[in-house]
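Asks: Kindly produce the complete structure, drawing on both the sequences and the hints.
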Amino acid sequence: MTMLRIGRRQTLAGLAGGMLVSRAGLAQTPILGGTLTVGLSNEAKTYDPIFSVQFTERYVLYLAFDTLVKYGPDFSIKPELAESWDTSADGKRIVFTLRQGVQFQDGTPFDAAAVKWNIDQRLDPKVNSPQRQVLAPIVASVDVIDPQHVAFNLVAPSPALFSLLGERVGFMVSPTAWQQRGDAFGSQPIGTGAFVLKEWTRGSRVVLERNPHYWQAGLPYLDRIVVQDLAGSVIGVQRLLTGEIDYVDQLTPADVLPIEKRAGIVLKPITVGRWYFLQWHVNKAPFDNPKLRQAFAHAIDRNRLNEITMRGQGTISDSPTPKGLWWYDPDLKSYPHDPALAKTLLAEAGFTNGFEYTLSTPQVTVFQQVNQLLQEQLGAIGIKLQLQPVAASEWYARVVSGTTNLTPTRWTQRADPDGLLYILFHSRGFANTMKYRNEKVDALLDQARTVYDVPTRKKLYAAAQQQIVDDLPMVPLIFGAEYAALRAPIQGFEWIPDEIPRFRDLWKSA
Amino acid sequence: MRRPGLCFGAGVVACIAVIAAAAPLVAPRDPYASGIDMLVPSSALHLLGTDDLGRDVLSRVIYGARASLAIGFGAALAAMVIGVPIGLVAGALRGRVDTVLAALIDLFIALPGLVLALIITVMVGANLRNLVLVLGFVMWPPIARLVRGQAMALREMLFVEAARATGGTPLWIIRRHIWPGVLPIVAAQFATSVAFAIFTSASLSFLGLGIPPPTPDWGGMVRAGYDYLAINPWMSLAPGAAVSLTVMGFYVMGRSFR
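These protein sequence lines are chains A and B, in that order. Take the first sequence: its position 391, counting from 1, is numbered 398 in our numbering, and each next residue is one higher. Take the second sequence: its position 207, counting from 1, is numbered 193 in our numbering, and each next residue is one higher.
Hints listed in this document are in silico derivations from the structure and should not be mistaken for laboratory results. On a predicted model such as this, the values are computed, not experimentally measured, just so you know. Please note that a few of the clues may not be correct.
Heads up, incomplete: computed chain A residues facing chain B, CB under 7 Å, no partners named [to be verified]:
no.: 1; residue: Leu264
no.: 2; residue: Glu314
no.: 3; residue: Gln370
no.: 4; residue: Gln376
no.: 5; residue: Gln379
no.: 6; residue: Leu380
no.: 7; residue: Glu383
no.: 8; residue: Ala387
no.: 9; residue: Leu392
Covered stretches of chain B (chain A as the covering partner; in silico rule of three or more C-beta atoms under 8 Å from a C-beta of chain A) [what the hints assert, rightly or not]:
no.: 10; region: 32 to 46
no.: 11; region: 189 to 203
The beta-carbon is built from N, C-alpha and C at its ideal position, and this holds for glycine as well.
Replies: Right, dumping it as structure tokens:
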């Protein structure tokens, strides 16, 4: 514990240092011009927001496109292309007032008709957008009132709609360009964004240039943003040091050790950690045995997982939600590390001679580390795990198809509790690969997604999360620590808890 | 010192074999025990420092000899079991049997070993048994070719012809006259095959297709350490050096047999 505290203090001191620098930076007026070079292990398959699935695609989408609303650094919802909105008394109709004078990069106007077209595309089964599965249960139709006003008619009151309109669903595509360009739109996208995508050489780089007609006066500051492909974050650190790139992220606390005290490099820790958990098929033997699941939960030392894999800079997880988000419940009861109790539970589960199983191990450093520690900790109570390596690219498909039963997983947080809790734990959630089904949880999640009142939702989500943790469709492990590393001249960077960096407002001093 | 190469090679191999066998006695710590002093460079407590999970690098390198030797010897043996009989039969019988077998050998020799091993390992999954079989399968063609050449040369010898003239069956001739003649070459090739297998399995491990963690395995350790070269370089360098030294030992030994 002492070591952990010292670690934290050092981090805090580092943070304070970073703040001083950026505060000094803010005092200066942003300088126009310059190129920002971002290093990224880019998995992008398309830059058409309507079909975007990959995490890293959004690094570029937030530059070429704007969303209807945007997230603050605390996940609060702020105006963007929509200036304001009114919700009807029954909560089922929301009228957005759009920003005037906004143009797409192809010169066509952004207006209510464009918004309707964008949402209709996502809802149209013929278009087959992957976003349909989250949007269709919420939005019934969209009406154009006049060019500046557009109404969303909802199936039921839906507070989660706003968070959706700040990510993939909310990226506004130029209808004209999308129809003209067809399949080519994915590599030549047109939005209203501050940067225009000029070149995309797959496996090499993406080049974006300043949109001179951007609606927000004075923005952007940079002339160009280049997203350079990297074969891994460690290589990114080296290239940052040589000055070939200005920015790299997804760095673990160990990755940043060599650059912690380097002059000219600024580290930005993420504000809310990625959630790591151990999942299984809760209705299939052997994990349909609650005592076995409880034995796992009590045998795992989450503190030690955090101390070793995150160098103590993450936090342990008792539930899906970390501290810092409004739906976090400090009173939730979880499973303290208790190997003796775990051993008893394992025997009560019927495994008096121990238990053997295969633990799927995606070839991702953090998962390999977590799994080796899980193997050690569970081994101590007689649970023998064989680590089975799986290529990172194949792994999720295996989890979905059910060929992988026991595996660690991680998810980034969403701006609304409905985002993660519904898709993972509702019996109809599309990412519920645990096949978890509890009618009480379904009812709580269904109710919570139709209430606008935050205190009421908070209570509902607390009850749902407690029930989920009691049922153990997965064992919560930790919330990770991660860093972005920037060269010191880059100013204005701030993390959003979804862990997708927004480069639009950055500028480069000297 | 008539054969300094043999002495050196055999010496290195013997040392590594002893270390592998006596690993629990030689290793200063439990190679599997994690600790909260991660990625510490060399210290009095940990001579080669610790890895990303706080495990003692020296102890893991010592235990890693076991997996490497097991794979090396196992794969070389498997390759011999396939390659030697094919080479003997092809070389001793000639004729149509030889034409078919020689074509088969040429076909497999044309396939690059590492790539073939990689593809098969991806399909069958990586574990100790599979690695031994896959590498054995990849390594048999050069052995068969070598044995075939030697058998063909022996076949033309007068004593073999005499045996044939007196009515010796092909199998008897192979066992009695040709096998003893190819034995020295097989011994030399065995040592080189061990070296090749250790090297190739390290390459596979580096590509993430080695023995699954947490078993200490040199190739896998080089890979795991690669991310932390700037923090504790020993994590990669020590197992890397162990691979080089072992491979060199076997090669030198194999060459001096010839």
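Asks: Please write out, lowest number first, the hints stated earlier that are contradicted by the structure.
Replies: Checked against the structure, the hints that fail are numbers 8, 9, while the rest are satisfied.
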